[in-house]
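Participant: Read off the chains here:
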Amino acid sequence: MQELVNIFIKSIFIDNMVFAYFLGMCSYLGVSKTVSTSVGMGFAVIFVLGITVPINYLLENYVLREGALSLLLGDSFKDIDLSFLSFIMFIAVIASMVQLVEMIIEKFSPALYGSLGIFLPLIAVNCAILGASLFMQEKDFSNITEATVYGLGSGVGWFLAIVAIAAIREKIRYSNIPPALRGLGITYIITGLMGIAFMSFMGIKL
Amino acid sequence: MKVFRNLLDGIKPNFEKGGKLEKLYPAYDAFETFLFVPDHTTNEGTHIKDAIDLKRTMFMVIVALIPCVLFGMWNVGYQYSIASGESMTFIQQFNFGFWKFLPLIIVSYAVGLAVEFAFAVLRGHQVNEGYLVTGMLIPLTMPIDVPLWMLAISVIFAVVIGKEVFGGTGMNILNPALTARAFLFFAYPSWMSGDKVWVQNASVDGYSGATILGDLASSMNWQSLSGQWSISDMFFGTIPGSVGETSMVAIILGALILLFTGVGSWRIILSTFLGGYFMAYLFNLWGYNELMSTPAHIHLMIGSFAFGAVFMATDPVTASQTNKGKYIYGFLIGVFAILIRTFNPAYPEGMMLAILLMNIFAPLIDHYIVQANVNKRLKRATV
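Sequences listed follow chains U and H, in order. Here this note's numbering is used: position 91 in the first sequence is 95, and no number is missing along the way. Here this note's numbering is used: position 48 in the second sequence is 1132, and no number is missing along the way.
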């Protein structure tokens, strides 16, 4: 249990997808104009991460890793190493999950679907999502619960980041920012400053 | 005063539209309004009429900082006399600190105001007095030994990236003074932490000038430390640390001035202390490492907790704007400050980063407080 809490807290604050790795920046910058849409986007990312990481964990451990196939198909497969396929397999899982999320959101919240626009299908190529799966591969979790908690935690961290920057962007909407920096420029600067503040968690040992 | 008025009136035509120095009008305007109450009024829209304006507000904060500045100067000399073993009179100690601290203030103001004026002239906006406070806070949060060029760089970073790119005073999202300190802290860590920087010339004779927090973080026992520093040392502030942060007495004096004039928000100060006490008390019960088993009331007195709560967290621009939000904002600052202190071995002091972190989330807190209010009223209207 303590291990799970550790992983969760770590993936939210210490290994924050946006401020520690600067992953998932495209939708982070694209959909963060208002708080309400960014909340929708954030939940979609949490959902996708919470599903794809455990599925990819299973794929990794029962199909892709060296010798993993032997667990299912017997000893004759124990020399086979399919890990070169991991990128394409992970992406395939992610893309299909995003399709699912898209259909769900379109059905239940057409307004949100409209405001997320192109960025919803683009979750499929959101590097935070693929990044979480690849970090999962690196971190060698001992069971699927840990992988799920890691996925959810990364999602929550990303959610916090996008909601916070959306609130800041709403606040500075009428600020007298130098013309050259309006829009994306100032958002990059804010993200950097937020990164400094999030440095407070770097180095925490749990 | 009449001399100034005449002088200003004499050179005014040069700066007005069509004059030779038309472009420098913001600079002229800054000096004129600094010395005299401006007499122009707005002629459109509705405005609240009040005797206090930005300049007067900022000036009150400077007044509130004076006890900290004076005490800090004396403490610099006092710590030096302990470290070097030189016997110095009270006046000598103050003098020593005064001449050490003065360059920091001069550099901070000169560099910061130069950047500020440059931006005002370039962009044609007014020079705002926000920097008067920031320029005083920055040296107060620095170790006394910080090289002046580092101070200058951090001031430039704070004013340009922390404030001017957002459009100047009142628009920034992070407290500029803390931005400067965080910049130095991450860019030149060896000058901003450890046991050599807090006391002038401490490195010369191997005297350990570590702050109390630094000692605790290196797992020194709380009991053995309380032999070295008594509680009254911490309360009066005769301990090593950043220039302005050590004395509770000076900070409380400053806090009273801020609260009495209504410039600082009592909600934020109160809830920050509550949050810090709550978290430290929880950790006392847990008692996992030395910092955790340090008594909660001591936690509030050491390091920059009190200084940050009174002068940094209450910054009206970067704090939560709503009253309910202020409670949440302050409470979380206290909680995070103690959390970072105890859990993060890399940073013995968590106050700076806790305030920066909550500065980031303040707009979000406000958003949801306002939204909740809107929803409540909508419900009342439609039933």
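None of these hints come from the bench; they were simulated from the model. Bear in mind that the values here come from a model prediction, so they are computed numbers and not experimental data. Hints may contain errors.
Some chain U residues flagged as far from chain H (calculated, every beta-carbon gap over 12 Å) [as the list claims (entries may be wrong)]: (1) G71; (2) S87; (3) M93; (4) Q103; (5) M107.
Subject to a maximum C-alpha distance of 27 Å in a straight line, what follows is the list of computed DSS-like cross-link-like pairs (lysine-lysine) [what the hints assert, rightly or not]: (6) H:K1101 x U:K175; (7) H:K1101 x U:K37; (8) H:K1139 x U:K37; (9) H:K1101 x H:K1139.
Which stretches of chain U does chain H cover? Using the computed rule of at least three CB atoms under 8 Å from a CB of chain H, they are [to be verified]: (10) 138–145; (11) 152–159.
Quick reminder that beta carbons are idealized off the backbone N, C-alpha and C, glycines included.
Participant: Of the hints given before, which are not true for this structure?
Facilitator: 6, 7, 8, 10 and 11
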